[in-house]
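Visitor: One letter stands for each residue in the lines below.
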Amino acid sequence: MYSCADLKKGIKLMIDNEPHVIVQFDFTKPGKGQALYKCKLRNMITGALFDRTYRSGESFEPASLVESDMQYLYKDETGYVFMDQKTYEQTSISEEVLGDDRYFLVDNMEVKVLMHGERGIGVTLPIFVNLRVSQSDPWVKGDTAAGNNKPATVESGYTLQVPGFVDEGVLIQIDTRTGEYVTRVKE
Amino acid sequence: MSEPNWALARKRQTLAERARVVKDIRSFFVNRGYLEIETPHRIPANAPEPHIDAIVSGAWALHTSPELAMKRLLAAGYEQLFQICRVWRDSERGQYHLPEFTLLEWYRTDVDYNALMTECMELLFVLVPEGKLCRKGRTIDLAMPWKRLTVAEAFSQYASTELDEALATDRFEEILTAEVEPQLGKDRPTFLTEYPASMAALARLKPEDTQVAERFELYIDGLELANAFSELTDPDEQRSRFEADEDTRRSAGKTPYPLPEKFLTEMATMPEAAGIALGLDRLIMLLTDAEKIDDVVAFTPDDL
Chain A
0 MYSCADLKKG
10 IKLMIDNEPH
20 VIVQFDFTKP
30 GKGQALYKCK
40 LRNMITGALF
50 DRTYRSGESF
60 EPASLVESDM
70 QYLYKDETGY
80 VFMDQKTYEQ
90 TSISEEVLGD
100 DRYFLVDNME
110 VKVLMHGERG
120 IGVTLPIFVN
130 LRVSQSDPWV
140 KGDTAAGNNK
150 PATVESGYTL
160 QVPGFVDEGV
170 LIQIDTRTGE
180 YVTRVKE
Chain B
0 MSEPNWALAR
10 KRQTLAERAR
20 VVKDIRSFFV
30 NRGYLEIETP
40 HRIPANAPEP
50 HIDAIVSGAW
60 ALHTSPELAM
70 KRLLAAGYEQ
80 LFQICRVWRD
90 SERGQYHLPE
100 FTLLEWYRTD
110 VDYNALMTEC
120 MELLFVLVPE
130 GKLCRKGRTI
140 DLAMPWKRLT
150 VAEAFSQYAS
160 TELDEALATD
170 RFEEILTAEV
180 EPQLGKDRPT
190 FLTEYPASMA
200 ALARLKPEDT
210 QVAERFELYI
220 DGLELANAFS
230 ELTDPDEQRS
240 RFEADEDTRR
250 SAGKTPYPLP
260 EKFLTEMATM
270 PEAAGIALGL
280 DRLIMLLTDA
290 EKIDDVVAFT
300 PDDL
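Going line by line, the protein sequences match chains A and B.
Counting from 0, one number per residue, gives the positions in the first sequence under numbering that gives the first Met the number 0.
Counting from 0, one number per residue, gives the positions in the second sequence under numbering that gives the first Met the number 0.
A portion of the hints provided could be inaccurate.
[To be verified] In silico BS3-like links for lysine-lysine, alpha-carbon gap of 25 Å or less: (1) A:Lys31 to B:Lys10; (2) B:Lys131 to A:Lys37; (3) B:Lys253 to A:Lys7; (4) B:Lys135 to A:Lys37; (5) B:Lys146 to B:Lys205; (6) B:Lys205 to A:Lys8; (7) B:Lys291 to A:Lys31; (8) A:Lys149 to A:Lys185; (9) A:Lys31 to A:Lys7; (10) A:Lys8 to A:Lys111; (11) A:Lys149 to B:Lys185; (12) A:Lys11 to B:Lys135; (13) B:Lys10 to B:Lys131; (14) A:Lys37 to B:Lys185; (15) A:Lys31 to B:Lys146; (16) B:Lys253 to A:Lys37.
[To be verified] Derived DEER-like restraints, expressed as beta-carbon distance ranges: (17) A:Lys185 to B:Lys185: 47 to 55 Å; (18) A:Pro150 to B:Pro257: 34 to 42 Å; (19) B:Pro43 to A:Tyr157: 46 to 54 Å; (20) B:Ser155 to A:Asp50: 24 to 32 Å; (21) A:Asp50 to B:Thr149: 25 to 33 Å; (22) A:Val184 to B:Pro300: 26 to 34 Å.
No wet-lab data here; the hints were simulated from the structure.
The beta-carbon is built from N, C-alpha and C at its ideal position, and this holds for glycine as well.
Using the sequences and the hints, build the whole thing.
Guide: Put into structure tokens, the structure is as follows:
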């Protein structure tokens, strides 16, 4: 069982017998008062989003889901398509259900797909992924006001802050837990 | 790794500003005749707060605030004290919380909480000579005097529920954080004052209205920055509040703490005083327009 102290973004819980993932997490504790754990949850089967506030002392059943080793193939009108590495069966996961995880998928990437019966309802990403910078303005040297960082967009459409020296076309490593830049990747 | 840790490298400007602020805070208090003091971080007993949990360290615990030691010094005759120190509070982690963070605490004898409100304004005036803060594109005017609002008034103005009902239905924190706090200190800093007597902690009750305590919290841009009291100096009253808090902890299934007996004994000679704890990390957040507390410390527990 999880306690409130275990709650954070990305944790998966069973609520009313359905798996849910915390997509946004906020810890508040006014003055000397009791702590409140405010969660935005996504139902992993329906994709529905809703808010819940929990208090210290509550406990939660972790969502134990079967994982299949799959390869990410491509995106089409049904969503993001994955193929089972053993059976070659394909499953598609919609954009709503994948949420921000979709930004860290690279063609042919091997991921663990979370299964609900025959259906894929989410992915477990590797901690680090490498994505290529598709757009970033050159950094103006001497512009230290911004603390030598600038925005960059990677091939998946995700935008993040990178150091000034990261140019367009460069492959970078991103921490999927925080969505933040880690380092350039030597090719 | 092929290049230096950028997440750390990019904090340089903020960390330099943090060092500047700490240096200016020290000069501010020293110039006013305050004595800087250090007290032990590892202690036998913290004040038994119902909702603050200490981190156990052997048979003792890490302090959750230097309050008890500072007050023992007041009781021994020290008139003006300040301390900048690390404190630990178990399982507190969020956008504005770290389980290990830095407090600025200061105490003065022969004044009440009104004097501390003035001193907060003067301190910010010294730290921010331009007299305004920029937060997410909005300007917060630091010109004196700042706004002052009682807890009851704040609930009447901003909440869907009156204070009495929020207390009776155990929804005080929920309504405070969801409806009241976001409205506090938006255009200028706000002192939220006169907390219900049940939330007095170590504050004295207001002599002319014992339903409320002489306690305030300072809010800037919805962020709770400091907590202050006209200090309770009655050891019997303090003991019975501690015992009630111990009962609350016990019935919530939490470990009760041993009572801080030396503090309670020496409180008998403590003069009238006022004291305040200010979250230094949050102050730096406000001064650097940072979004999360992680941005103003070199390392968080997640980075270790």
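Visitor: If a hint holds in the structure, say so; if it does not, say that too.
Guide: Do the hints match the structure? See the list:
Between lysine 31 (chain A) and lysine 10 (chain B) the alpha-carbon distance is near 30 Å, which puts this suggested pair outside the 25 Å criterion. A C-alpha spacing of about 31 Å is found between lysine 131 (chain B) and lysine 37 (chain A), which places the hinted pair above 25 Å, so the restraint is violated. At roughly 23 Å between alpha-carbon atoms, lysine 253 (chain B) and lysine 7 (chain A) fall within 25 Å of each other, so this suggested pair holds. For the given pair, lysine 135 (chain B) sits about 22 Å from lysine 37 (chain A) by alpha-carbon distance, which is consistent with the 25 Å threshold.
Under the criterion of a C-alpha separation no larger than 25 Å, the hint pairing lysine 146 (chain B) with lysine 205 (chain B) is consistent with the structure, at around 20 Å. Taking the CA atoms of lysine 205 (chain B) and lysine 8 (chain A), the gap is near 43 Å; set against the 25 Å cutoff, the hint is violated. Proposed proximity of lysine 291 (chain B) and lysine 31 (chain A) is supported: the alpha carbons are some 21 Å apart, at most 25 Å. Of the supplied pair hints, the one linking lysine 149 (chain A) and lysine 185 (chain A) holds, its CA atoms being roughly 21 Å apart against a limit of 25 Å.
Of the supplied pair hints, the one linking lysine 31 (chain A) and lysine 7 (chain A) holds, its CA atoms being roughly 22 Å apart against a limit of 25 Å. Using a Cα cut-off of 25 Å, the hinted pair lysine 8 (chain A) and lysine 111 (chain A) holds, with the two alpha carbons roughly 18 Å apart. For the hint linking lysine 149 (chain A) to lysine 185 (chain B), the alpha-carbon distance of about 29 Å lies beyond 25 Å, and the restraint is violated. A hinted pair counts as satisfied when its Cα atoms are at most 25 Å apart, and lysine 11 (chain A) with lysine 135 (chain B) does not qualify at roughly 32 Å.
Restraint check: the Cα-Cα separation between lysine 10 (chain B) and lysine 131 (chain B) comes to about 23 Å, which is no more than 25 Å; the hinted pair holds. For the hint pairing lysine 37 (chain A) with lysine 185 (chain B), the CA-to-CA distance comes to about 22 Å; that is within 25 Å, so the pair holds. At most 25 Å may separate the alpha-carbon atoms for a hinted pair to count; lysine 31 (chain A) and lysine 146 (chain B) meet this at roughly 22 Å. Distance check on the hinted pair: lysine 253 (chain B) and lysine 37 (chain A) sit about 22 Å apart at the alpha-carbon level, within 25 Å; holds.
For lysine 185 (chain A) and lysine 185 (chain B), the Cβ-Cβ distance of about 48 Å falls inside the hinted range of 47 to 55 Å, so the restraint holds. At about 54 Å, the CB distance of proline 150 (chain A) to proline 257 (chain B) disagrees with the hint of 34 to 42 Å. Between proline 43 (chain B) and tyrosine 157 (chain A) the CB atoms are about 51 Å apart, so this pair conforms to the stated range of 46 to 54 Å. For the pair serine 155 (chain B) and aspartate 50 (chain A), the beta carbons lie near 26 Å from each other, so the given range of 24 to 32 Å is met.
A C-beta distance of roughly 30 Å is found between aspartate 50 (chain A) and threonine 149 (chain B), which places it inside the suggested range of 25 to 33 Å. Judged by the Cβ atoms, the range 26 to 34 Å given for valine 184 (chain A) and proline 300 (chain B) holds: they are separated by roughly 27 Å.
Of the numbered hints stated above, those contradicted by the structure are hints 1, 2, 6, 11, 12, 18, listed in ascending order.
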